[in-house]
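Asks: Letter by letter, the chains look like this.
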Amino acid sequence: MDETLERTVPKIVTSRIGIEGSHTLETYLATGGYTALRKALTSMTPEEIQAEVMTSNLLGRGGAGFEVGRKWSMLKSAPLRYLVVNGDESEPATFKDHMLIEGDPHQVVEGSIITAYAVGAARAFIYIRGEFALGLERMQRAVDEAYRYGALGRDIFGSGFSLDLVVHPGAGAYICGEETALIESLEGKRGYPRIKPPYFPAVIGLYGAPTIVNNVESMSNMPWIVNNGGAAFASLGVGRSTGTRIFALAGHVNRPGNYEVEMAKLTFRDLVYSPEYGGGMRYGRQVKAFIPGGVSAPWFGPEQLDLPLSQDDVAKAGSMLGSGSIVMMDDHTCMVRAAWRITKFFHRESCGQCTPCREGSGWIEKMMRRIETGAGRESDLDMLLDACDNIAPGLSWPPAQTTICVLGPSIPSSVVAGIKMFRDEFLIHIKEGGCPYGR
Amino acid sequence: MSGFTPEMRARAEKICSLYPKVRSALIPLCHLAQEQAGYLREDLMIEIAELVDVTPAEVYGTASFYDMLHTEPVGKYLVGVCTNIACLMQGGEDLLEYAEEKLGVAPGGTTDDGLFTLEDMECIAHCNKAPALQVNYRFFGPVDEDGFDKMIDDLREGRLADDVPSHGTLIREERSAPIALTMDEVLKERAVSDAAIAQRKVQA
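In order, the protein sequences belong to chains A and B.
The first sequence: position 30 = 29 (numbering that gives the first Met the number 0), numbered continuously.
The second sequence: position 127 = 126 (numbering that gives the first Met the number 0), numbered continuously.
Rather than coming from a laboratory, the hints here were simulated on the basis of the structure.
Glycine included, every Cβ here is placed at the ideal spot set by N, Cα and C.
Hints may be right or wrong, so weigh each one.
[Claimed, not checked] Straight-line alpha carbon distances no greater than 27 Å define the calculated DSS-like cross-link-like pairs of lysine-lysine that follow:
#1 A/K195 with A/K264
#2 A/K75 with B/K13
#3 B/K20 with A/K38
#4 B/K20 with B/K187
#5 B/K20 with A/K188
#6 A/K195 with A/K315
#7 B/K101 with B/K149
#8 A/K430 with A/K419
#9 A/K188 with B/K13
#10 A/K75 with B/K20
#11 B/K20 with A/K195
#12 B/K187 with B/K13
#13 A/K10 with A/K38
[As the list claims (entries may be wrong)] Below, a sample of chain B positions facing chain A; criterion: calculated Cβ distance under 8 Å:
#14 P19
#15 S23
#16 V51
#17 T54
#18 T61
#19 F64
#20 M67
#21 I84
#22 M88
#23 E121
#24 A124
#25 A129
#26 V185
#27 E188
Next up, chain A with everything else stripped away, as it sits in the complex:
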């Protein structure tokens, strides 16, 4: 028997989810909360924490999957530096940060203070999506409690380290999850992504100062890494995909939900069909296609169900784990409608700075709508691919970019995958003058 199956995999970030009052300081302290911060501030140097995080090889949990330790090491030296925690979760079908913010806000706060200490940040900000009203309230309460407990403010735990942390509400804009747009938004402006170079946040970020932007789930891993060491984290998972990760499983499964599993050990099939996780497809139907990592990711078909949940394996197969959200679509799903809805989303959320994205998303959305509603022409398919090619030339993966940020090249993902995988279904819509699924 495979010995890996007998090993218990720890719940690193979701250990308190489901416990009564998990969002309160009382429960947090009763379950080991703030021991890591105490350890970090009183017995570790910032360099030692950085080294542990580097050893852990924690990959950023926001979507790009960049090594957190490497990101920190790129932070430019300056008298003033900032930490910004990205809680603007808006990638469609991703709902893990929502759970962490509402369910365990102190863990995010503790991870943020550890990080601020490790990178020498002068002030930390937690930017939370405006639509998370309860999450904002709970995070604000957690920060207030942390101040009263002595984990924030002046001379934390008598270590000589001081930090202020501000909870900042967004106001409804998908693009503000992009780190430079988030910084603009935090500065009180429209959420327009900045041009990179020169505006890499680690060099020129918030108020022009070097800034680290890390995701809420990345921060939630910090207390465990400090308490158990980077090597213990890296011993979980396979290759570059270390530790555990939350996968947000949605769509046509019996048990949609957030599941924290060891990286790269399970396959998509395991996650979808195991009674412990997805519990199989709804009504016992077949998988027609699935989205492996948020709607920016190209679709996979049933033949990719046996891929492991690893960043590199999914990338090699032509898509991405992205934000960790998996959407299952069964054999009763209209793929034209699914792709159209995703395109409509990008059209609404394009910030409008770059022509290929602003105009392209609109034209693609119009063509998709006309195919779905019965006014499509056969030439539309080539025109769609051409419009997609104008945004991401070559239509390869990872996509080429003609725009300031990656929202643009995310637009073609579903349309190109849809036409490639389900060309016949698109043609039926065109020939029969409408959707065969009756909508």
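Given chain A, put chain B in place with the hints provided.
Replies: For chain B alone, coordinates are given in the frame of chain A:
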């Protein structure tokens, strides 16, 4: 119409003090203005401009970027039905159609009594409870037709008043701990803590 009430003005000034650069308070102040008036009234935008040291046009220009900031009045309850991919898979479009029928308005419209504004929303990160919706950014899901009817009746009768405040009230939590260090102090403190860290390193 003359701007923030004294109580709101005090809260606004407190929010301004949280940031190294005051313009960062612009969006939080817009939320505060909506809490007072239900939407971003012109006089409030003018006062925000004064508070964060920009022109009123810049406040309007910034606010117009964001879906949650409304420069026109909306109903007491903003009902946002999600139709994005995960909810689409579970009947989100049918739910939106039902909501249109029930409320008698299309997305973007407000009922005659001024109670409800309907919105067709993008993903609200509640996908394990699809089809999901938000009322004034409080989550409901999964919602079927009967559940929608009951929710609307409950809102109308004030039975959900504790869970769902009027539109505009986002964070019912005021920050109780003030900022401990000014940015000047941060720089001085950093020098001290850097020295302490350096010493610990030597000891190690």
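Asks: State for each hint whether it applies.
Replies: Hints versus structure:
1. A/K195 with A/K264: violated (35 Å)
2. A/K75 with B/K13: With Cα atoms ~31 Å apart, A/K75 and B/K13 exceed 27 Å; violated.
3. B/K20 with A/K38: Measuring from Cα to Cα gives roughly 33 Å; hence the hint is violated.
4. B/K20 with B/K187: holds (19 Å)
5. B/K20 with A/K188: holds (12 Å)
6. A/K195 with A/K315: With a Cα-Cα distance of about 26 Å, the restraint between A/K195 and A/K315 holds, given a limit of 27 Å.
7. B/K101 with B/K149: holds (11 Å)
8. A/K430 with A/K419: Judged against 27 Å, a Cα distance of about 18 Å means the pair holds.
9. A/K188 with B/K13: Holds, because 20 Å separates the two Cα atoms, which is no more than 27 Å.
10. A/K75 with B/K20: Holds. A/K75 to B/K20 sits at ~21 Å (cutoff 27 Å).
11. B/K20 with A/K195: holds (23 Å)
12. B/K187 with B/K13: Between B/K187 and B/K13 the Cα gap is close to 24 Å, so the pair holds against 27 Å.
13. A/K10 with A/K38: The given pair, whose Cα atoms are some 20 Å apart, holds under the 27 Å limit.
14. P19: holds (6 Å)
15. S23: Result: holds, 5 Å to nearest chain A Cβ.
16. V51: holds (6 Å)
17. T54: violated (13 Å)
18. T61: holds (6 Å)
19. F64: Result: holds, 4 Å to nearest chain A Cβ.
20. M67: holds (4 Å)
21. I84: It holds, given that the least Cβ distance between B/I84 and chain A is near 5 Å, below 8 Å.
22. M88: At 5 Å from the nearest chain A Cβ, B/M88 passes the 8 Å test, so the hint holds.
23. E121: holds (6 Å)
24. A124: Constraint on B/A124 satisfied, holds at 4 Å.
25. A129: holds (7 Å)
26. V185: holds (4 Å)
27. E188: holds (5 Å)
Violated hints for the displayed structure, listed by number in ascending order: 1, 2, 3, 17.
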